[in-house]
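Chain by chain, the residues:
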Amino acid sequence: MSNSPLLEAQALVKNFGGLTAVANVSVHFDQNELIGLIGPNGAGKTTLFNLLTGETPVSSGTISFYTDHGVQPLNGKQPAQIAKIGISRTFQNIRLFKELSVLDNVRIAMTNHYHEGFLTSILRLPKYYQTEAAMTKAAQELLAIFDLTAVADLPAKSLPYGIQRRLEIVRALATKPKLLFLDEPAAGMNPEETADLTRLIRKIQREFHITIVLIEHDMSLVMNVVERLYVLEHGALLATGTPQEIQKNPAVIKAYLGGE
Amino acid sequence: MKANLKSNLAWLGVMVLGFVVIDACEFAGLINTFIENMLVTIGINVILAVGLNLIIGFAGQFSLGHAGFMAIGAYATGIMTQTMATPAGFYLSMVVGMVIAVIAAVIVGIPTLRLRGDYLAIATMGAAEIIRILINNLKITNGAAGLFNIPALASWVTVYVLMCLTTIVTVNFIHSRGGRAVMAVREDEIAAGAMGINTTRWKLAAFIFGAATAAIGGSLHAAYIQTIAPGDFNIMASIAILIIVVLGGVGSVTGTFVAALVLGALDTILQNFGTVRMIIYSLALILIMIFKPAGLLGSWEFSFKRLFNRKVKGVAEHE
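Protein sequence lines correspond, in order, to chains A and B.
For the first sequence, our numbering assigns the number 1 to the initial residue and increments by one for each residue that follows.
For the second sequence, our numbering assigns the number 261 to the initial residue and increments by one for each residue that follows.
One or more hints might be untrue.
[Said to hold, decoys possible] Here are the computed distance ranges between Cβ atoms for each label pair:
id	chain 1	residue 1	chain 2	residue 2	range
1	B	Lys565	A	Thr240	52 to 58 Å
2	B	Pro371	A	Pro40	55 to 61 Å
3	B	Ile550	A	Lys157	22 to 28 Å
Hints listed in this document are in silico derivations from the structure and should not be mistaken for laboratory results.
Don't be surprised by glycine CBs; every beta carbon is placed ideally from N, CA and C.
Using the sequences plus the hints, can you model the full thing?
Pasting the structure below:
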């Protein structure tokens with residue numbers, strides 16, 4: 001199972017005017033894999049995420065996603081369509097629905113998994129109450145798994161920073177993704193919070209059986225949890241391999257530490 | 261489910277009580293034409309402002325074209341009831357007005373809802389002006405002179421009932437799967453898209469919804485006031501509705517009701533002051549904005565469910 005492919009990107013290029021943010025990058029993520037994406041600041045990591053999630057259109061290259069119904073091309077699709085196909089993400093600078101409650105943040109991510117007609121909602125037909133109850137129950141179950149039940153009714157903006165990061169991951173999971181992108185989940189966290197996050201990421205992979213790709217600068221987290229790494233520098237792929245291989249790779253050491 | 265039933269019954273009680281109180285006052289002769297006019301204006305303003313609050317407060321799209329959609333409803337009623345001066349004709353004209361307003365909202369919304377903030381405000385304002393100028397130059401609408409002697413097919417009762425109905429429908433929408441999707445777009449469009457929410461579609465849904473309720477308000481206006489002219493639906497009319505929304509609290513339906521009542525009453529009381537009226541009115545607005553920048557109620561909503569829950573908790577603590 002672990003070797004069947006989930007996403008394959010071939011020769012991705014993204015130009016912003018004269019600047020090439022991503023240059024000819026090919027990556028592939030397999031089912032149930034935990035992958036790290038590292039590189040110095042400005043290497044194009046977040047741009048690559050944005051290309052894969054449809055946030056930014058690609059300049060050239062192809063992205064294919066393997067679903068139960070065959071291979072789907074992701075090129076030219078809107079973020080919402082890509083999310084429906086099974087890719088979800090968190091953001092480098094947290095993007096929660098701040099004024100809304102924790103429960104609503106999660107329920108919003110479930111919008112596509114429940115259907116009710118316009119008349120059903122405005123006339124409050126019995127189906128409305130059923131849908132509401134089912135959505136609330138599913139959201140509460142998810143919140144319970146991640147110890148967020150106590151804060152379910154609070155507005156998202158009132159949560160401490162670490163919890164906001166966790167909620168963003170839970171919200172992403174609520175879309176029932178097959179592939180989850182985490183953009184610097186440990187940014188701004190203290191060592192204790194990072195240790196919690198490490199456990200959390202392992203737990204998600206174990207219990208939800210999904211592929212996780214994370215961008216991270218915290219090497220203790222990366223080297224601890226990921227199975228395979230991609231290293232980007234100046235928009236190009238510098239190296240790929242297991243954490244042990246990458247740590248010994250002379251090109252990577254040079255990129256990070258500089259010098260001859 | 262029991263809590264839902266209780267709160268629904270409580271709201272029904274409030275609506276019936278409001279009706280009975282006004283009806284009793286009317287019966288006792290406490291309400292003259294002047295006061296009734298004020299109450300009906302407040303009712304129509306509530307309908308218009310609740311719809312605009314859905315667009316601005318809940319979907320976060322700054323629209324300045326509400327009077328344009330109101331004009332469509334008003335003229336549909338004004339024109340149709342001249343040949344069909346029956347209640348059935350009036351309601352048919354209201355539906356026709358809503359349908360035309362929805363079509364106009366789709367045509368206006370699809371290109372303009374890509375814009376944000378000030379740009380969207382200017383684009384919607386322009387769309388409303390186009391509607392007004394069309395009405396100003398068409399034969400069927402009697403041009404700049406407008407329509408008069410429109411059959412009086414709406415009483416305060418019609419306005420009251422329709423005010424309750426549009427509010428119920430709007431609030432029900434806000435508290436549904438769709439309403440949450442709309443609020444997600446307001447909170448963070450990029451995150452909403454990444455969570456699988458088709459942002460264009462839900463923005464358009466809120467915009468269409470608001471336009472349809474504005475058409476209802478317009479129909480009632482035409483059938484109650486009995487005289488309409490293109491000048492009634494200019495940019496100032498849009499801003500008057502916007503003031504109610506902002507003053508009550510962007511994102512609070514309760515606030516819209518409070519603001520429509522306060523402003524309606526203020527406007528009526530100040531009629532006695534002649535030309536000083538507009539100065540006092542503006543001063544009142546400035547003062548409220550200085551001391552309550554988020555509007556009278558902010559985004560606070562009155563909820564019977566919460567009230568009952570608190571009571572239950574209070575009783576439990578006592579025991």
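Hints not upheld, ascending by number:
2
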